[in-house]
Amino acid sequence: MSALGLNRTGRAGGASAGGRRVTPNRVLAFGAIAFAIAAYAFPNLAGGYWINIATIVAVYATAAVGLDLITGYGGMLSLGHAAFFGVGAYTVAVLGEHTTIPGFVLLFAAVGIAGLVGVFVGALALRTEGHAFALVTLGFALILASLVNGLDFTGGPSGIAGISRDVFGSGELSDASMYLLTLVVALVGVGLLRGLRSSRTGRALLALKAHPELAAAVGVNVFALRLQAFVIGAAYAGLAGGLFAETLRYVSSDFIGLTQSVQFLMMVVIGGLGTGWGALVGAIIVRGVPEAVESLANWQLFAVGFLTLLIVARFRRGIAGTLEDALHRLLDPRRAPVALRPEVPHPEVALPPAEVAIELPAAAAAAAGSARSSRAAVLAVSGITRAFGGLRAVDGVDYEVRAGEIHSVVGPNGAGKSTFINLVTGIDHPDGGTIVCEGRQMERLPAHRRARLGMSRTFQLVELCEELTIRENVMLGAYHWTRAGFLRGAVPFAARGEERVVRNRADAVLARLGLSELADEHPSTVSVGQRRLVEVGRCLLSQSPLVFLDEPAAGLNEAETSALGDVLRELRDEGVAIVLVDHDMRLIMSISDRVTVLNFGRTLASGDPAEVVRQEEVIHAYLGTAA
Amino acid sequence: MLTEFLNVGWSGATVGATYALAGLGILIALRVTRVVNLAQGEFYVVGALLAATLATAGVPLILGILAGALAGAGLGAGEELIVLRRMRNATPPIMLLSTVAVATLLAGAELLVWGQDPRSTPVLIGGRVVLGGVRLPAQSLLLVGLSIGVAVACWMVLERTSSGRAMSAIAEDPDAARLTGIDVLRLRLRGLAAAGAIGGAAGAIAVPLFLVDFNSGLELALRGFIAAAISGSTALGTLAAGLGIGILEALAVRYISPVFDDVTTFGILVIAVLMAPKTRFLRAVQAA
Amino acid sequence: MSAGLHVNDLVAGYGGPPVLGGVNIDVEPGETVALLGANGAGKTTLSRTIAGLTPAYSGTIKLGDVELTGRPVHRIVRDGLVTVPEGRRLFARLTVEGNLRLAFYGREASEEQIERRLEEAYERFPRLRDRRGQAVGTMSGGEQQMLAIAKALLLDPAVLVLDEPSTGLAPIIVEQLLDIIVRLAEEASCGVLLIEQNVGSALKVSDRAYVLERGSVTISGSADELAANEAVRAAYLGA
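Protein chains in written order, with the working numbering: chain A, 563 to 1189; chain B, 172 to 459; chain C, 44 to 282.
To be clear, the hints were calculated from the coordinates, so they are not data collected in a lab.
Some residues of chain C that are not near chain A, with every Cβ distance over 10 Å (derived):
| no. | residue |
| --- | --- |
| 1 | PRO98 |
| 2 | GLY102 |
| 3 | THR112 |
| 4 | THR138 |
| 5 | TYR165 |
| 6 | ARG172 |
| 7 | ARG174 |
Result set (SDA-like, lysine to any residue): computed pairs, CA atoms no more than 20 Å apart in a straight line:
| no. | chain 1 | residue 1 | chain 2 | residue 2 |
| --- | --- | --- | --- | --- |
| 8 | C | LYS105 | C | ALA46 |
| 9 | C | LYS247 | A | GLU1179 |
| 10 | C | LYS247 | C | ILE216 |
| 11 | C | LYS247 | C | GLU230 |
| 12 | C | LYS247 | A | ILE1181 |
| 13 | C | LYS105 | C | PRO72 |
| 14 | C | LYS105 | C | SER259 |
| 15 | C | LYS247 | C | GLU268 |
| 16 | C | LYS247 | A | ASN975 |
| 17 | C | LYS247 | A | GLU1178 |
| 18 | C | LYS247 | A | HIS1182 |
| 19 | C | LYS247 | C | GLU71 |
Heads up, the beta-carbon is just placed ideally off N, CA and C, and yes, glycines get one too.
Take these sequences, add in the hints, and give me the full structure.
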């Protein structure tokens, strides 16, 4: 086959070359171990006052880890994080006051109740988006704070004092033991969040943050995943709150108000949203430094506001993110601009057999075989209609595509092609008509369900997640046939087998598309043509029997277009049904088995490509009366 | 009994006037910048604390009000020039976050300049006005009067002038407004300065009635936002909603429980958002 | 008003690799010039860059002797280069007349002058007079496009850039619309740059045309030449 690629020397197959290479991740891991040792040793050597400060910092860092999951990973700006911190703290305080339950059980209760409140708040707040989401979370937090202030069993404004520190039923923990406990919890939290970053669920979250439509198109239930992230983040804050109560032996509403919520947010922003360890850095700067240097206490608010503005305006990735980027630049000398160059035919790389058996959806498995006996319609659309105000964007369109067929949809701008794709893939829903895919009625199903049932797509304005590498963007395609959730994703090695299979397949797909050299790059560094191919790669990895390509040739040069055509022909020969929407008539004419022409939302002509373009109406629609 | 009810209601309306004024500032800023400016409350606090300081130094309060308005206008313009203008291509969460950061920064500055203790001043106009058997403090009449005046002025400008039309165009589609020859940056600056002036003047007029400290700003901004949000983004609606929230809070605190101020207000927010997530303001806020 | 638009070796994009790689285009006063090209060719980037919405990497854009690159968008409009963006982008919350009146915002014009200019616009587009008090959202696509053009003309353009005015309109409406545009351009000796995918209609009303492909002008010539050009036919029909 002929494919696109880059002729560049060096770098055999990614970062795995050489066991002793200094990679950014190794530096970070080493740094983490060094930090853990220092963090444990220093306060113990320095004495009691420092231990108390360090314990509080560790507790706040734990809460900030939860907020990073919500805001940094999930993209939900929460202004009410202190509410969950408060729920945890008061759970431990109130239950501890009235019962003799051991402390660690109380901590579990704190996690559970904060999580439950999180389900409630999240489910309601997620009905909104953007600013409104932030303000609803804040509203809940303020309601909670004022209830705590007013109710009797929470001790009113004076709070609850004398909380037991008997965490493990072995007597009151000393300051040093309490510090060890909170430090371990914080570091484990950071580690888990960091692990999540390079897992199926972490990738899905980052994609969701960037483009919800992209996430839905690979099978992510956007609402459910957001809610999960919110609830887990809330539970983390609950744990931190519980530890806080046991550390201070005292809680009051002063610790859970509006100011505290804002401070949590500033911690993760200053530390670095979406980095995991930024939560720790932020807690040290926002909480630790002013506590340690008393003369700074009055400056804290001003400095935190200023730092946040500086970060937001200049260093969007925060302290941790900026340091990581610097580390990458330092250790990765190959950051030269990428020049695009069509290549001589690329040796074909077959997909390697799966190393671990993975259950594929029946439809996908069926399509994977190249010799498909019955050429049944994979997709049958009948009479779909969609009106916006008075305009009938799609007006009673019939359409079908069979396995191993490329059925193109063309038409002038405004003809309804994009609306058609949106209706069939589930971004929008038709006013009337039916959509049957693989024998299932799906006009009412949401986009992510359709993706799981075997549809994949590319977008007219390329949608790739900038925070993920090109390989990871391709790996997104595997979302619907893999399983690792939050826990398996976060715990090291728990989803190793599945992850390896997906990674190998992604590498095979990249090789096939001639993109191997770019696997570790981020999308913005490559050309439009290559970005479009990455999207095609994502579809390939989804193993869907039905692929929608929305103007894949737009912005491609001739060599790139012809290479794209070759890839599509191969896919077709492997039995995939392809819906191709494009303006490039040379591409359309050379690879389509069937063409449907839309104009003003209606089917103008449909059938054999050569016959269709000879029709008078089609010529008229394209060239006007001059032709 | 009734007198008490009316008294409680009036004191609620007085507080509500500050919410309405904050809401109007937020409304104007939202029109031109498409961001909910949570720093709006800080304009109020700075105006209040500045007026209090000047009053202590013997400066007539009327000059204090002027100084408060000027300081607020300066801060609003500064926020636009230094922060919001640079952030205008950022995502909505980042823009909102920037305004929270500005609020924090200003609160920090207030703490450094004025310290922790809440302040108040003697009233500008003493005495009471008897209205329907209820004796109302004259200063509170001034504050409520200001909120009504500002709301009407906003309504006139937004709905009846070419500037209001241009602001509406910017709110809908800034790039298209620029292609129509509208100097968007200048209108943004004017809008933020006006919002700041409203906040500063409100603070200076309110400070004889309420204790104000560096912590008061963000909560006030939130209440202003709620007033603007549930009114569907109209000036007169914001006035009504602000006064209404203030009255409801006061009644809930008096007749239900002293802790019910936040519960009432934010309960209203939550219910408003959930019952009517498609009001014009919320739609604008979500889409922004 | 007799200043032409001269785009010289324009390179532009959105921060990443350039989308336009050295484009040269001229529109003389009173002339209608079509710019043709497929999606992704860079047509919208070109119109955004000329309008000042997107900064140019290098090259010059001149209106007469005035260098437009680096100038704020609203100044460029005041200088006489008026763009009607793709999708029309009218203000749905305002009435028809509210949209038209925006053209006078920030300009020195008495109420009588404004009334007189509005009256002229209504005479050209009688449909707009009927609907002057209505919200824009209630109008058909063709009426909206007329409103967009009427508004642009009130801005006194020396050169008018129309980005895909035919999108979503029936062919007969497109032709009426383009006829109006050309007639008005001739009356006001205003240059028109007509950015279109709708090749036939565009060529029919234009004096000259350029074809943009992947950020560069690949074909240019008189409209008649281009209409007869095999390569143009091939690009759009694949035949």
